[in-house]
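Read top to bottom, the protein sequences are chains R and A.
Take the first sequence: its letter number 83 is residue 83 in my numbering, and every next letter is one higher.
Take the second sequence: its letter number 103 is residue 103 in my numbering, and every next letter is one higher.
Just so you know, the hints here were simulated from the structure itself, not pulled from any lab data.
Predicted model, so just to flag it, every value in this text is computed and none were measured.
Don't take each hint at face value.
[Unchecked claim] The calculated DSBU-like cross-link candidates involving lysine-lysine, where the alpha carbons are at most 35 Å apart (straight line), are: (1) A:K37 - R:K71; (2) A:K108 - A:K56; (3) R:K11 - A:K37; (4) R:K57 - A:K71; (5) R:K11 - A:K5; (6) R:K71 - A:K94; (7) A:K5 - R:K57; (8) A:K5 - A:K108; (9) A:K68 - A:K56; (10) R:K71 - R:K57; (11) A:K5 - A:K68; (12) R:K11 - A:K94; (13) R:K57 - A:K68; (14) A:K94 - A:K68; (15) R:K14 - A:K5; (16) R:K57 - A:K94; (17) A:K71 - A:K37; (18) A:K54 - A:K71.
What follows is the residue order along each chain.
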Amino acid sequence: DTGVSQNPRHKITKRGQNVTFRCDPISEHNRLYWYRQTLGQGPEFLTYFQNEAQLEKSRLLSDRFSAERPKGSFSTLEIQRTEQGDSAMYLCASSSRLTPNTGELFFGEGSRLTVL
Amino acid sequence: DQQVKQNSPSLSVQEGRISILNCDYTNSMFDYFLWYKKYPAEGPTFLISISSIKDKNEDGRFTVFLNKSAKHLSLHIVPSQPGDSAVYFCAANKWDMRFGAGTRLTVKP
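The shape of chain A in the complex, shown without the other chains (with noise of 0.2 Å):
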């Protein structure tokens, strides 16, 4: 049953430029939702959270929407480095986390 789903596999934007992942669930009992990132041969790092009871987080270059009507979020990169580069994935918690399949974001120079 995948719960936390992430239907676009990879996404290039220019350096500069905004960057949009997105992410649907079906579950609306998770309370949080929270987007890591992955370097090659690297765990998941945490990037930004956002409770259920809020709909936006901001923090710094990186902003965290969210829709609980659509069961949607996304995550805004602004402006997208190429060190954004990675694999991101979206995760929502409850008792367990469970995480979407990644978006892999290439940000080119």
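Here chain R stands alone, though its shape is the one from the complex (with noise of 0.2 Å):
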């Protein structure tokens, strides 16, 4: 078990292209979140899918952010038309239904995005 992987780890690009990150959380949970981090700040809430069901999005994720869980696995993200205000880092987590609903989520270590 590797725990959950995010890649890239860090993406540069200019304003006005698009960005995708992907997420692979730990195999055998069904939840999987993402979260946006900025300096000096605790992570954000975005969105939230248990299996391929996207079941709550912040008001953070404008209309330029999508999410997709195509198979209940692997999760990506994809910000389009990006903004220097995008600049964070993009933090994916997993849970399992199987563990007492503590909320403990099991991080990624990021995926940094700076927008030129």
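From these two lone chains plus the hints, build me the complex, please.
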């Protein structure tokens, strides 16, 4: 078990370009979360999947953002027409419905986006 | 809407002494509270949690206290060790998890 894997680890792009991040959760985990973290802040919730169903989206997730989890395994987060304000660390986390609902999440190392 | 607040951005303690990290929340509907630790270039890792029906949970050197009437929780680390130096995030869970801004703990040898 390699834990939650995210790639790329770092993406530098020009304003207006599209970027896509991938997350591979822990294999037996059916819940997958995307968070965004900016400097000096804690992780901010973006969206949540249970299996392939996207159950919740934060109002932070503008229409330029889209997330998918097509087969209930890996997930992608796409940002279209990137803006400098999108520069942040994008964190993926997963959890299992089989564990008590303490909310414990297992985080990946994150994908850092820099928009020039 | 910042529902979880950590008002101290940093804390420095001497090795062997107690570290106390504080957290306040506003939403009384939260049913679990958690502490995560984050080292540079890594994602946050779970440290300890407490249910809203309890007021204390202990795990080795780490103890979390919950005061529901004050909507306040704290993490005590005793004794503090240099390896505890990291950013600590308080988090609260109902339908999704909300995080505080973090407190950077430095434990000096």
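Here is how each hint holds up against the structure:
no.: 1; hint: A:K37 - R:K71; result: holds (31 Å)
no.: 2; hint: A:K108 - A:K56; result: holds (27 Å)
no.: 3; hint: R:K11 - A:K37; result: holds (25 Å)
no.: 4; hint: R:K57 - A:K71; result: holds (26 Å)
no.: 5; hint: R:K11 - A:K5; result: holds (30 Å)
no.: 6; hint: R:K71 - A:K94; result: holds (26 Å)
no.: 7; hint: A:K5 - R:K57; result: holds (22 Å)
no.: 8; hint: A:K5 - A:K108; result: holds (25 Å)
no.: 9; hint: A:K68 - A:K56; result: holds (11 Å)
no.: 10; hint: R:K71 - R:K57; result: holds (19 Å)
no.: 11; hint: A:K5 - A:K68; result: holds (15 Å)
no.: 12; hint: R:K11 - A:K94; result: holds (32 Å)
no.: 13; hint: R:K57 - A:K68; result: holds (28 Å)
no.: 14; hint: A:K94 - A:K68; result: holds (15 Å)
no.: 15; hint: R:K14 - A:K5; result: holds (34 Å)
no.: 16; hint: R:K57 - A:K94; result: holds (15 Å)
no.: 17; hint: A:K71 - A:K37; result: holds (21 Å)
no.: 18; hint: A:K54 - A:K71; result: holds (13 Å)
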